[in-house]
Amino acid sequence: MNLRKTWIGVIGLGTALVAAACGGSSPQSTNPANETGTLTVWLMNGSAPPSVVDGVNADFKAKYPNVTVNIEIQQWGDIGTKLDTAFAGSTPPDIVELGNTLVAKYAAAGALEDISGKKSTFDNSSTWLQSLTDSCTVNGKLYCVPYLAGSRAIVYRKDFFDAAGVTPPTSMDGLLTVGQKLMQAHSSDPNFSALYFPGKYWYAAMPFVWDFGGDIATQSGGKWQGAINSSSSQQGLTTLANLVKTLSRADKTGDEAKQDAAFAQGHIAMEVVNGWEIGVITDKTSGNPALADKLGAFPIPSHNAGQTAPVFLGGSDFGIAARSAHQNLANAWVQTFTNNKNMSQMATVGGVIPNTTSLLSLGTGLNAVFYSAAKNSKFVPNSQNWANVENANVLPDMLVKIFTGQQAIPDATSAASTRITSILNGGG
Amino acid sequence: MGVAIATPDLEPVSDRAVRRARLLPYALISPSLAVIGGVLAFPLGMLVWLSLQHYGLKELIAHQGSWVGIDNYRAIVADPLFQQVLIRTLLFTFACVTLTVGLSTLIALLLLKVRSAVRVIVMSALVFVWATPVIVAVDVWQWMFDYEFGVINYVLTQLHVGNFIHHNWFDNPGQGWAVFVVIVVWGAIPFVTITLFAGLLQVPGDIIDAAHVDGAGAWYRFWFVTAPMLKPLFLIVTCLSTIWDFGVFNQIYVMLNQRPSSDFYTIAIYSYRESFGVTQYGLGAAIAVVMVLVLVVVTLFYVRETVKVAEVT
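First to last, the protein sequences are chains A and B. Here the first sequence stands for residues 1 to 428, numbered as in the working numbering. Here the second sequence stands for residues 1 to 313, numbered as in the working numbering.
Possibly wrong hints are sitting among the right ones.
[Said to hold, decoys possible] Between beta-carbon pairs, the in silico distance windows are:
id: 1; chain 1: A; residue 1: SER116; chain 2: B; residue 2: LEU90; range: 48 to 56 Å
id: 2; chain 1: B; residue 1: SER66; chain 2: A; residue 2: LYS141; range: 34 to 42 Å
id: 3; chain 1: B; residue 1: VAL77; chain 2: A; residue 2: ASN45; range: 36 to 44 Å
id: 4; chain 1: B; residue 1: ALA216; chain 2: A; residue 2: THR404; range: 38 to 46 Å
Honestly, the hints are just simulated from the structure, not real lab data. For every residue, glycine included, the Cβ atom is placed at its ideal position computed from N, Cα and C.
The task is simple: from the sequences and hints, build the whole structure.
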């Protein structure tokens, strides 16, 4: 044990470890009222409104009055590092919300409990969203519970569109034309962007690649091959690069973290957003509530007029740590959060796509656009090494090189593709 | 014969004394050695051991790596990015250290000449810079160089230096690195200046006066009188600055929102990316070992020079 501890010290992990206080939970007792202990739950920043989380904890407390639940909100920026260090320790958080692209990595490494046998104890498990269920499934076993999904569409300012005499476009060419008219109408504003597109925003870039038939990587015979340099992928990126060059004044080396605050300032006509970001744009502290009735949304159009481009289906799952001392309690808490009642709350209050197709009718108003966008969605390569591609910033770096003109599209994509091939096949 | 004094009687005593005197330094130094061994040598040894293993996430969670010998070192030597990053880090360190020591010397010399009120103001400013936590300082710098709202772009445009509206300082790695040199040098100047200023106060005034009388100009007085007397201090601050600047991490990592592109990797960031980013802890450790080796070379030079100086004085 000493040696193990030393290892942790060597690579500087010690400080990040989160100690889950261990109570004296007794596995034999079946009466929930007699269960004691402390559950530590890591939730990601921005995924669930505090009111929903409070409701979940109140429901849980009613059943398990002697169990304490500690919710710890984590930031996306350095979550990979924190998860690595937490899972390497002996007292990891009992429950973690994992981005759906991260699950395979932690499941394959043995960090998550195999919950295949408990699947039916969760509400709606037979109607879970397929792509989330897939993200939880590694080698035929279930390692997490689908939590929520998010898909992207374009949010736009209806008043700007009316003033410029344009309507939401139905093709990529149309998007360019509409954008150019908007740029013209606002030519006196040096900060204006018709389509605000930060350079590292790869989630929003992938629809363009997929729409032309390109992809990040393809698998054959158990081997991955980067495909971001295929001619179809390059076509999509060329179209996007032209849109960015003509319509965006966003930071070509920046990411999307600030985009909603920027949108709220009133110099942006269109922006690719996740459904829940509408709430951030109109939030009374971080955004501008006056915009609420000026916002519209439309799906990212395809280059084939009248169709829409496939979007990236983001989302989160709940994983239970393999080293958790309270797996049964953790299971019960996840059951509470993902039950029909609380998932409905997440959809109506949280504005996210719930984990089950049975609740998809809850998407109304602007949300309906995002819900329907999810129906034409794609996912990243389902590999345990995918998270490493994300952490190595391969796609954001490639986009920055393209948008800033540091590299031509063939060179940038071919370098990225080589790196993706290498990482997905287990190299560095 | 008969006059032989009882020296033999004294011998055992002096022997013991000599032995005690010989052992005493070791006894005195042993606690420090134990501490250094515990906090430095042992982790360093573990780092080397880690660098000889394949250690991914699975191994991290299982607490068990697999031995691969020098494969990790082979991999990094073959990686063109590693060579780029190493050379870039060395150049960056050289630029930062030269500027830091050069500017600090000028400021320290200036401090000798100004009125005491001005000296107090400058010293307080330096101490404030020194006291600002790196993360806070970088946050402020980040806003100053911000693409959309940055004051630097605004001021440069207002001064008609050029059109800097929506100028992105990190579009072009050359400009980006210039920004980082500024930030790092800014943060390093206080310590070096205050150290050198303290040293300057120790230079005896009569020697300077004598040189003056002998007709030495300001430049000669500095170069042939002051600088040699400050040599030990210059050695220390240059060596420490090299060690600090070679390991720069926070400034770049925070400034670029924790996602620096590979154009902005220093060797420290590269090691971190390989370790935590792509969960290749063995590979990351190998990079860190190379980093330590480079610094050992610098430190050896410093130790040699210090010993030389000590022998002279």
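Going down the list of hints, with the structure as the test:
no. : hint                            : result
1   : A:SER116 x B:LEU90: 48 to 56 Å  : holds (52 Å)
2   : B:SER66 x A:LYS141: 34 to 42 Å  : violated (24 Å)
3   : B:VAL77 x A:ASN45: 36 to 44 Å   : holds (40 Å)
4   : B:ALA216 x A:THR404: 38 to 46 Å : violated (53 Å)
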